[in-house]
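S.K.: Can you make the complete structure from the sequences, with help from the hints?
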Amino acid sequence: MGIIRKLLIFASSNGLIVQAHGPVEHHKAVQIDYKSKHVSLCPHDEAADNRKGVHLEAHGLIGLLSIASSHFLIAITGREQVAQIFGKPIYVVTDVEFLPLSSRDAAVKALATASAASRKDHEPSSDSELSDAESESSKHAAVPDEVSGPHTDDEQDLPRSRSSTSIAQDVLTKKGNFGRFASQWFSRQGWATGTQKAPTSTDAKAQKVAEGDATEAAKPEQKPDKVDGPAPEPQQPSKTSREEVAAMIPKILRSAKLILTSRSCFFSYDFDLTRRMGLLQGKAVPPAKGSLDPLYFWNQRLASPISEAGQDSFVLPIIQGFVGQRSFAVKKTDSTDPDSACVVPTEGDPSQTEGISHAIAHAKEAVAEKPDEMQAFLLTVISRRSVKRAGLRYLRRGIDDEGNCANCVETEQILSTPEWDDTRPIRSFTQVRASIPLYFSQSPYSFKPLPVLLQSEAANKAAMKKHFDGLKSRYGDVQIAVLINKHGSEAAIGEAYDKNLKSLVDANEIQGVDWEWFDFHSECRGMRFDKVQKLVEMLGHNIEKFGETVIERGEVKSQQKGIIRTNCMDCLDRTNVAESAFGQHMLQKALAEAGFGIDLVNDETTTWFNTLWADNGDAISRQYAGTAALKGDFTRTRKRNYQGALNDFSLTLSRYYNNMVNDYFSQAVIDVLLGELSWTAFEDFESSLMSQDPGISINRIRENAIETCRRLVVQDETEDLIHGWTMLAPAVENTLRTLPFQEAVVLLTDAAIYCCKFDWTTEKVASFEKVDLRSVTKVRYGAYITSTFTERQRDETMNVGLVIAYKPGKGSVIRTNTRSLQNSVEPAKAKPEERIDGGTGVLSWLAPKHADPTQALAVKIIPVTPDRKRSVTSQTSTPALETAEHIVDEIRRAIAGESREEQDKVEVEQGDIISLAEAKQRTGYLEQIGYSLKRLVWA
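Here the UniProt record's numbering is used: position 784 in the sequence shown is 784, and no number is missing along the way.
Treat the hints as calculated values from the structure; they're not laboratory data.
Ideal placement from N, C-alpha and C gives every residue a C-beta, glycine not left out.
Fair warning: there could be bad hints in the mix.
[Stated by the list, open to error] The following label-pair restraints were derived from C-beta to C-beta distances:
| hint | residue 1 | residue 2 | range |
| --- | --- | --- | --- |
| 1 | E707 | Q559 | 56 to 62 Å |
| 2 | P286 | E707 | 51 to 57 Å |
| 3 | Q281 | E707 | 48 to 54 Å |
| 4 | K502 | R525 | 25 to 31 Å |
| 5 | I929 | P286 | 56 to 62 Å |
M.R.: Now the structure itself:
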């Protein structure tokens with residue numbers, strides 16, 4: 001039956017009903033239950049009875065989004081045709097609706113609001129009433145309906161609908177946030193209390209942005225009276241955690257809607273956009289379960305509940321990236337000269353639907369008059385962004401443990417006739433861009449951030465091998481084109497790339513991979529970007545060897561045998577200039593084989609080619625960096641001037657702002673939409689204003705750090721390692737609270753305890769403190785509250801630590817890794833105001849009964865968080881207090897041996913290290929203001 005093209009969505013007493021709306025499929029409907037969220041077929045009679053109420057027309061379903069206890073059905077309510085392939089229309093998503101599944105009342109309310117907004121948008125308007133944004137959005141249709149073939153009535157496009165979130169609602173929402181910020185800034189009581197409070201009128205209006213469901217989700221769940229028994233394990237999301245995430249739902253939905261309606265998501269009912277032409281054998285293959293490429297099936301995770309219910313006809317696969325198309329005609333200016341050709345001038349503006357129609361009609365008339373001297377063509381560019389390591393600029397860099405690289409985009413350039421006549425060759429040329437396949441990072445807070453290499457050389461080579469093995473299995477041989485600088489901050493990472501790749505090639509671990517380092521800025525200095533043609537010539541041999549995919553009469557005559565993999569630092573600006581040059585070379589070559597020799601560089605009638613590739617670059621740049629691509633003026637006009645350079649500077653400032661302000665939250669939303677993380681990722685964001693990287697195993701990194709510290713710190717070969725942990729430690733030794741706390745490695749041997757401050761960037765030990773077990777006087781464990789800004793930070797069951805008091809001596813040292821190693825048994829200096837104990841070093845409850853000086857080693861258990869990639873309910877982990885008890889028992893046995901009597905002599909006590917009440921008293925106004933500013937900016 002294929003994918004259903006138009007849907008009616010309405011609410012019943014049991015769930016949302018989605019019914020096919022068309023001449024053939026009108027009888028088919030599914031119901032999604034409010035309680036179980038189960039998807040099942042809905043009887044025709046029940047659907048017909050409920051259809052009489054309020055309903056919403058939709059063009060397809062993206063899937064189901066689950067956040068805490070709230071669930072939303074995502075429906076496409078706005079689309080716009082941008083291309084046609086084999087006469088099958090290709091659409092871009094322009095509007096979506098999030099329909100809540102909490103109750104019938106919430107669903108009806110959301111349906112009524114969305115339906116009213118849709119009807120209002122469909123009303124005819126005079127030209128004077130159109131806003132600039134609406135006028136601009138109407139210019140993006142690349143191919144008119146009459147070119148793409150006939151449509152049935154149920155396939156006709158609706159005008160692009162506007163977002164139901166108004167500017168007034170956004171202002172009210174921001175005002176509510178600022179009000180809360182201001183009230184807590186100047187009030188200690190505001191910070192001492194929990195984050196939950198009665199909503200103000202502005203907060204209530206903000207909740208309505210979530211289409212009526214977020215308010216329901218934020219209500220406390222009804223629980224039975226408290227009974228005696230063990231406390232729930234921390235991995236189970238508490239009521240408070242759900243409430244905190246539920247309060248974020250309006251912002252989550254706004255961010256998700258912005259992503260889905262940013263003209264970056266494309267779909268087709270009749271053509272599989274996830275696979276390139278060579279894999280489709282040059283045919284109009286419709287999207288179908290089992291044949292879609294999971295690397296580019298962007299809503300696979302969201303659509304899985306519908307697909308798993310066996311209702312694939314309701315699932316509309318989308319890709320993220322770019323789809324653009326231009327038609328043109330070429331004629332010979334001299335019939336005796338096969339290389340003499342030019343592009344026929346078009347009538348009208350090519351960016352307007354009417355202009356394209358006139359241009360194609362004019363080209364067809366000219367071709368009909370002189371078929372031997374003129375031919376019409378259609379050029380299509382499709383970019384598919386990988387779902388692996390997807391996300392935003394500085395938050396997704398380099399490679400992950402599975403060999404996936406950030407900002408990986410497959411771009412296919414297809415040359416055909418406007419009618420897709422298979423008696424003439426259909427040519428497909430594919431390229432790939434992707435981040436440098438190394439573990440590295442760059443700070444989003446720096447205007448020109450330095451790339452910092454991460455992890456060991458062995459780990460980098462292992463991940464790099466996986467990456468190129470994947471490319472080779474997918475495309476064949478690989479030609480690498482590296483465009484970064486050979487000098488300055490980028491040189492180190494380029495050299496590491498070169499070194500690791502050559503090492504793999506020399507060891508015969510990878511084959512069929514060639515390397516070319518083209519210093520773009522040096523070669524094209526003086527804004528002479530046209531010199532990128534030098535790179536095309538340098539790679540000419542492999543470009544010819546790889547060739548392109550050629551399809552004729554439904555058969556693949558030749559298959560592209562390799563891929564060009566281009567990258568700069570971001571794989572955006574320099575990369576797009578180079579890729580457009582490769583595409584230009586292949587287009588000229590294909591036209592020459594057809595008998596038309598044109599000059600895409602100097603011919604003024606070929607600016608449409610530059611514009612098409614510039615649009616592609618802008619689209620990928622907006623999805624990764626939040627702005628249009630730099631150097632866009634050259635890509636569009638093949639000319640570079642200082643006005644373009646100034647424009648690039650303003651775009652750079654915009655990227656800098658986005659990196660600091662918007663990206664952290666948006667990255668969490670992207671990870672949840674793709675199913676890389678569960679909704680509990682927003683719990684992490686609430687606490688740290690960041691989220692974990694699902695592609696990199698933090699557990700593996702910690703295991704490697706423990707082994708590195710053991711090798712470097714434990715010098716006595718007779719000393720046996722009992723256990724190693726990663727914990728949090730104060731920034732200054734012999735204190736309980738000096739911020740920021742650092743993740744340290746703690747080693748327990750049969751002779752000593754080591755607390756190693758580890759540089760996680762360079763994987764080196766920065767300093768360590770050694771405590772001789774014979775010098776330990778007391779061990780205390782219990783609640784260890786170091787911050788009071790979020791509910792998780794105030795939870796005494798999750799924030800637990802231990803303090804080891806010891807007498808300084810020859811066996812206990814503090815060593816710092818400087819140019820000359822220095823040993824010290826003196827407590828590190830810290831300002832008294834930085835210590836909650838008034839600068840005395842330790843609290844009175846740790847002081848020994850005698851007058852000898854005592855130092856303290858304080859460490860805090862890292863709260864065990866569930867694997868955000870899986871369901872929270874399936875997780876098992878050890879509560880923090882139980883972990884602390886286990887560590888204390890290990891220390892006790894190491895000191896006293898296996899004798900229980902000797903172990904009992906070791907002084908161990910359970911009690912608060914820093915209680916919640918004391919932490920609240922010690923939280924200064926500067927900390928409050930700093931956290932408030934971070935929330936104001938990031939959250």
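S.K.: Take the C-beta atom of I929 and the C-beta atom of P286, compute their distance, and say whether it sits inside 56 to 62 Å.
M.R.: About 57 Å separates the Cβ atoms of I929 and P286, which means 56 to 62 Å holds.
S.K.: Between the beta carbons of K502 and R525, is the distance compatible with 25 to 31 Å?
M.R.: For K502 and R525 the Cβ distance comes to about 28 Å; the hint holds.
S.K.: Can you let me know if the beta-carbon spacing of P286 and E707 is within 51 to 57 Å?
M.R.: 52 Å, holds
S.K.: Return holds or violated for the Cβ distance of Q281 and E707 against the range 48 to 54 Å.
M.R.: 51 Å, holds
S.K.: When you take the CB atoms of E707 and Q559, is the distance between them in 56 to 62 Å?
M.R.: At roughly 46 Å between Cβ atoms, Q559 and E707 fall outside 56 to 62 Å, so the hint is violated.
Consistency with the previously given hints fails for number 1 only.
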